[in-house]
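A.B. asks: Spelled out from the first residue to the last, the chains are:
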Amino acid sequence: GAGVSQSPSNKVTEKGKDVELRCDPISGHTALYWYRQSLGQGLEFLIYFQGNSAPDKSGLPSDRFSAERTGGSVSTLTIQRTQQEDSAVYLCASSLTGYSYEQYFGPGTRLTVT
Amino acid sequence: SQELEQSPQSLIVQEGKNLTINCTSSKTLYGLYWYKQKYGEGLIFLMMLQKGGEEKSHEKITAKLDEKKQQSSLHITASQPSHAGIYLCGADRGGATNKLIFGTGTLLAVQP
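Sequence lines, in order, name chains A and B. Counting from 1 along the first sequence, just add 54 to a position and that's the residue number in our numbering. Counting from 1 along the second sequence, just add 1 to a position and that's the residue number in our numbering.
These are computed hints drawn from the structure, not numbers from a lab. A couple of the hints might just be wrong.
Keeping only pairs whose Cα atoms sit at most 27 angstroms apart, straight-line, the calculated DSSO-like set for lysine-lysine is [to be verified]:
no., chain 1, residue 1, chain 2, residue 2
1, A, 71, A, 111
2, B, 37, B, 65
3, B, 39, A, 65
4, B, 61, B, 39
5, B, 37, A, 65
6, B, 52, B, 65
7, B, 69, B, 37
8, A, 111, A, 65
9, B, 28, A, 111
As the structure is a computational prediction, the values presented were derived from the model and not from experiment.
Taking the hints into account, I'd like the entire structure generated from these sequences.
C.D. replies: Here's what the structure looks like:
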């Protein structure tokens, strides 16, 4: 079956611009995660959605970052007024539920802020 | 300091050799996940361990979680070039979110 998909695969943007990253989880998976992978920080948790519950936003690095998940499926991560330190690979993962199930990752979106 | 320490940071082995990668936590783990990543790609799920002393195998890869649930090892037998990549351990510390904390990764190269 189809895995987690993300778009775009690569995004180059100018400092100060807003960007939107999209994630399509595996069908039927109720839990969705966003992570960020960068050279200096490794792989970091950003935000988590589970069904209709309030998202866990504890990993978002600043208020420039936000995410939403519409209809319990597709999710969009938005970064406003991008900074160079936002350059990273943004990975999305989904799991069957939010508890003790393996997370399946998408291929990521490589964001470069110039 | 990293909550999850992986060792070694990088490893070069000859094809056919065995190797072990370790992942250590200072705190008890509720779940330990092993992933593999190739450059420019996402993470590929390998195995999940939850019980102390648990051991799982898939093809030539075996992962173990110690009894205290603070250390895990990933062992590859008779390595092949297809095993090359970055191996990441991820830990679930419990709670409602199941968000994972990841180690720094181990870069594995297999020389034919």
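A.B. asks: Are any of the numbered hints broken by this structure? If so, which, sorted upward?
C.D. replies: Violated hints: none at all, because every hint is consistent with the structure.
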